[in-house]
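Q: Just need the whole structure built from these sequences, with the hints factored in.
So the protein sequences, as listed, match chains A and B. Take any residue in the first sequence, count from 1 to its spot, add 407: that is its number in our numbering. For the second sequence, counting from 1, position 272 maps to 260 in our numbering; every step adds exactly one.
Keep in mind that a hint or two might mislead.
[Unchecked claim] Residues on chain A that point at chain B, a partial pick, calculated with CB under 8 Å:
1. 489
2. 555
3. 559
4. 563
5. 669
[What the hints assert, rightly or not] Covered stretches of chain B, as calculated for chain A (at least 3 residues, CB under 8 Å):
6. 168 to 175
7. 235 to 246
[Claimed, not checked] In silico BS3-like cross-links for lysine-lysine, where the CA-CA straight-line distance does not exceed 27 Å:
8. A:485 x B:360
9. B:108 x B:286
10. B:349 x B:336
11. B:166 x A:556
12. A:485 x B:336
13. A:485 x B:216
What the hints contain is simulated information worked out from the structure, not anything from laboratory work. Every residue, glycine too, gets a C-beta built ideally from N, C-alpha and C.
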Amino acid sequence: MLHEARHGDVRHEGLAPGPMKGEARRRAAESIRANLLGLLLVAPALAIALALFAYPLLFSIASAVTVEGTLSVANFTKAFEFYDRDILFTFVIIGVSTALIGLVSVAIGGYLVLGENRTAIAVLGWLYRWPLFVPFIVAAQCMRTFLAKNGLMNNSFVALGLVDIDATQSLLDWRGIIITFVWKQTPFVALMVAGAMAALDRATIEAARNLGASRLRILVEIVVPQIRPTLVVGLILSFVTMLSVLSVPLMVSGGTPTMLTVDMAYRINAFGDYGVANALGLISYLMTGAVAWIYLRETMREKGRK
Amino acid sequence: MDRRVFLASFCAAAAMAFAPPAIAQQRVTINVMTAGDQNMVDYVTDYLGPAFEKQNPGIRVRAVGTGPGDAGSQKIWERIDAQRSANAATWDVDVAVVHQRMAGQMVKEGVLARYRNDVKTGALVTRDTARNALGANVDGYVMPMFHSQTAIAYNPALVSDPPKTFDELVAWTKANPKKFGYNGIKGGMSGVAFVFGWIYAHSPNPQQLMEGPYDPKVKEGWGPALAKLKEFNQNVVITPGNAGTLDMLNRGEIAMGPVWVDMFYTWQADGKLPPTMRLQLISPGLPGQPMYYVIPQKAANMEAAKKFVEFATSPAIQAEGIVKRFNWYPGIDAQHVQAHLDRAVWEKLFNDISPQDLAAKGKPMPIGEYFKEIQEAYERQVAN
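A: In structure tokens form, the structure reads like this:
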């Protein structure tokens, strides 16, 4: 709606006053030209979206639902027979990671807005973004040596006398995956959340503070509800990103169950089996689809309320 | 530049480009396509290519890597197949380095030249992988570039008397839970090779798995072996990848694990693994695999290609390049290579695993069909 109104304005400004008779025709021609121009401007992006997203998507759906040229659910049967636990595992790991990312980024954003120690705020504000610039594969490689049984973390604990050397254990399993995801994705969400929090009208916060509310209560009852849409968008983007990461589960945890990306890579590399790999891919699409749908429904309801 | 001079040189260049091969032989470029990990591409570009060019000033070597694993071999095949389908008079792949599975397929499809008798080094090849590639008869069509072998690496500080058989290994893991680690089947070939070795050890007829014939009923007999492997897995650590096993050995987190012998020695040479670590090839054996030099049927520069393979499989190059620099086992018979190596290098390679051990316990990978079926059976019955 907004776009149309803006186009209209531009057109009016650009129109020179002419004879009334040709006005309607000219306006129609102008409008077609504007539409064409708009289409032309959109065309490259649209072509790229179609070629790089829509076509591969349709192609992978077609590959998932056919076996040797005929329609079949065999790929899905096999995917569930072999990887049902991995599907659940993936969903739980990503779900838990997303929840933790939400908690930590709200905590970081909250401290940046409500904290009272200026130095601590400055240090945190400078520090928390760093993982944003580290690629997943590098993060995974670091975690491999950091979280291992005799890795940097445990060795430091032992050196500090916090734990006994025989009591150390490796975190290179599902816990390692979650730790890596949370470490890597939190800054992204925290950046969005902190920005939204900083843009809030501070009057509500000050009012609550004047009435004696604790900082935690202000965060939970006043700040978070106002930045919720931003938080949810950040979390959904993180969910989708993590679902597509291969390096982290591959490098951090070798065991089973594992994440769907590892299974997809394995089906292709070991068997050239694109059918089952695409079936697994489609299952991940459905997961993101479900999350996106929840989000859309949520925003629609919010809009309806307004 | 004067325009006339420019035109003249342009015409000369054009004439050279369209000149018949007889004249062009003065200076040819051969295309060497290599499937496999980066170290194999490095081997051709950094070592083999320059050494060959030095000896043959008229020939330039252009090396192309097509990526690791069977997928890399697949790309080479696709390139050749496209030119064959287009009925091209010559193909632009002169020498290819491929895996066993693809070599068998290429021989079956008739896209390879039978060149081994035309090169002098052909007679130095003795291992049966030069004739049999995962059940396919490739006799005469391939020259092994090297052999790589899996073995059990162990830390002598933690294991004084390493197991010599699979049964001893099982007993050892029961006594020392979580001290043996391997990388399952999704994290790289050293783990896959260990699983193949396990199936060989627990099969009534392992020879059939390695040489064929293929019988779809055979897989039904793997149940007990896989159940035992599942139980074995309770006492071991699943490591993240080939490198993951070596990392954990290095940090002392595990005391034993299957590794590729060449990776093991390279890591030791790079200081990423203590020099005290040792290798043991347990009975009845673990698989290894060669990579093959092949020459396509319609290679554009057939003579230069043969010259290149002859050079690459000569005892001196096999000693210096394959054994000394890259820690692989030679593709030709080791006895021809020994004379070109100093004692220390020879002893390092054959210290833990003697040539006799290698001959008796160095197994081939299973043939194509069983190769896939064992992996799937593992997923179904062990990992699930």
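Q: Let me make sure I understand: some of the numbered hints might not hold for this structure. Which ones are they, in numerical order?
A: 3, 4 and 12
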